[in-house]
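Novice: Below, each chain spelled out in residue letters.
There are 2 protein chains.
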Amino acid sequence: MPKPNVKEQLIATSLSLLHSKGFNATSVQDITAAAGVPKGSFYNHFTSKEALGLEVLQRYSERAGELGKALRDPSLTPLQRIQQYFKDFIASNVAMEFDCGCMLGNFSTELSNQVPAIRQQARESFGQSAAALAAVIAEGQRDGSICNTYTAAELAEFVVDAWQGAVLRSKVERSREPLDRYARMMLGRILK
Amino acid sequence: MPKPNVKEQLIATSLSLLHSKGFNATSVQDITAAAGVPKGSFYNHFTSKEALGLEVLQRYSERAGELGKALRDPSLTPLQRIQQYFKDFIASNVAMEFDCGCMLGNFSTELSNQVPAIRQQARESFGQSAAALAAVIAEGQRDGSICNTYTAAELAEFVVDAWQGAVLRSKVERSREPLDRYARMMLGRILK
Chain A
0 MPKPNVKEQL IATSLSLLHS KGFNATSVQD ITAAAGVPKG SFYNHFTSKE
50 ALGLEVLQRY SERAGELGKA LRDPSLTPLQ RIQQYFKDFI ASNVAMEFDC
100 GCMLGNFSTE LSNQVPAIRQ QARESFGQSA AALAAVIAEG QRDGSICNTY
150 TAAELAEFVV DAWQGAVLRS KVERSREPLD RYARMMLGRI LK
Chain B
0 MPKPNVKEQL IATSLSLLHS KGFNATSVQD ITAAAGVPKG SFYNHFTSKE
50 ALGLEVLQRY SERAGELGKA LRDPSLTPLQ RIQQYFKDFI ASNVAMEFDC
100 GCMLGNFSTE LSNQVPAIRQ QARESFGQSA AALAAVIAEG QRDGSICNTY
150 TAAELAEFVV DAWQGAVLRS KVERSREPLD RYARMMLGRI LK
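Going line by line, the protein sequences match chains A and B.
Using numbering that gives the first Met the number 0, read the first sequence as starting at 0 and increasing by one per residue.
Using numbering that gives the first Met the number 0, read the second sequence as starting at 0 and increasing by one per residue.
Just so you know, these hints were derived from the structure itself, not from any lab.
Hints may be right or wrong, so weigh each one.
Repeated chains share a single entry, so a pair holds when one copy, or any two copies, can fit it.
To be verified - When the alpha-carbon atoms are kept at most 30 angstroms apart in a straight line, the in silico DSBU-like pairs for lysine-lysine are as follows:
id, residue 1, residue 2
1, LYS48, LYS6
2, LYS20, LYS6
3, LYS20, LYS48
4, LYS38, LYS48
Only a predicted model underlies this, so the values are computations on that prediction, with no experimental measurement involved.
When you get a sec, could you build the whole thing from the sequences and use the hints?
Specialist: This is the structure we're talking about:
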């Protein structure tokens, strides 16, 4: 069986390490040691730790897009799709024991004013999540199942932002309660 | 005029430096250089950078409590108090040009699973904000001006959590729009 290439090993290792420890608390040495590759090989694949961080954040965002597949499930109503979407993301946080939070949120607070390319990637990822949600919300507004006091875009952006706050708080509390509260408020009050 | 003592200089400098650059991106050397004190003097006052971080977060939380004084203004109705509270915190973020975010949120994402004492301080600070808000919300529920579908505590915790998400996004977008959207949703939909 072919050995996964070194670049892929570095990205896979960093996905877990940077998610758990954060960007600045993790050194290139930590990453190469955990990946079991020589430190020198790092710079054959990445020009800097920031360049690796950007690729890792892109990969993380792609996975978040896959985790959000419920939004594209045609067998569910718009509200059911959003409900399932929340369930899937909450389950993902429960599986991580709330310890890591969302890498997109972590990188946003830690690096937005330090690494322009990471801030730009975070903007795009948030924008993509909001656009995917807005399409479902708009569908629910057309069939009358979702509140239309606000535009679909406005509601979707708020849903995305408030999720980050809920995840941040659940990391501090090491508890799912902020995530469940978020889902109750979104489904019971904001989108209703 | 007496020179402010070295410990106070270190805390004051760190309040700005750790807020702007984050905890792990700032070294003890950065702090002592910015404070204009010898590096060796740091350890006369703090056992570690973590111990300084904790004191800085406590100081930051006290200041946030002072900034939240509108909640205690007896000349305003409960909803007016909350509206003014949002205005004051938004103005504070505008003044910082959205570049730093909330230190409490930054430390929560960066350090919750690294420094137990800082996680504990963050829990307490979030709890204090939520309690102060809950008292005002309960008053508004009694006089019928605030929604009573949820308990005051539940609403207050959600208000606190979602604010962190709005600040995080405003840091990424370098824009006040997420903060204004937050205020619109809270006053127009959640608390209404």
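Novice: Would you mind marking each hint as holding or not holding in the structure?
Specialist: To see whether the hints hold, each was checked on the structure:
1. In this assembly of identical chains, LYS48 and LYS6 lie within 30 angstroms of each other by CA distance solely inside one copy; the values are 13 angstroms within and 34 angstroms between copies.
2. When the C-alpha separation of LYS20 and LYS6 is checked against a cutoff of 30 angstroms, the pair qualifies both within a copy, at 20 angstroms, and between copies, at 29 angstroms.
3. In this homomeric assembly, LYS20 and LYS48 come within 30 angstroms of each other (Cα to Cα) both inside a single copy, at 14 angstroms, and across copies, at 17 angstroms.
4. With identical chains, the CA atoms of LYS38 and LYS48 are at most 30 angstroms apart both within one copy (12 angstroms) and between copies (28 angstroms).
Consistency with the previously given hints is maintained throughout, with no hint failing.
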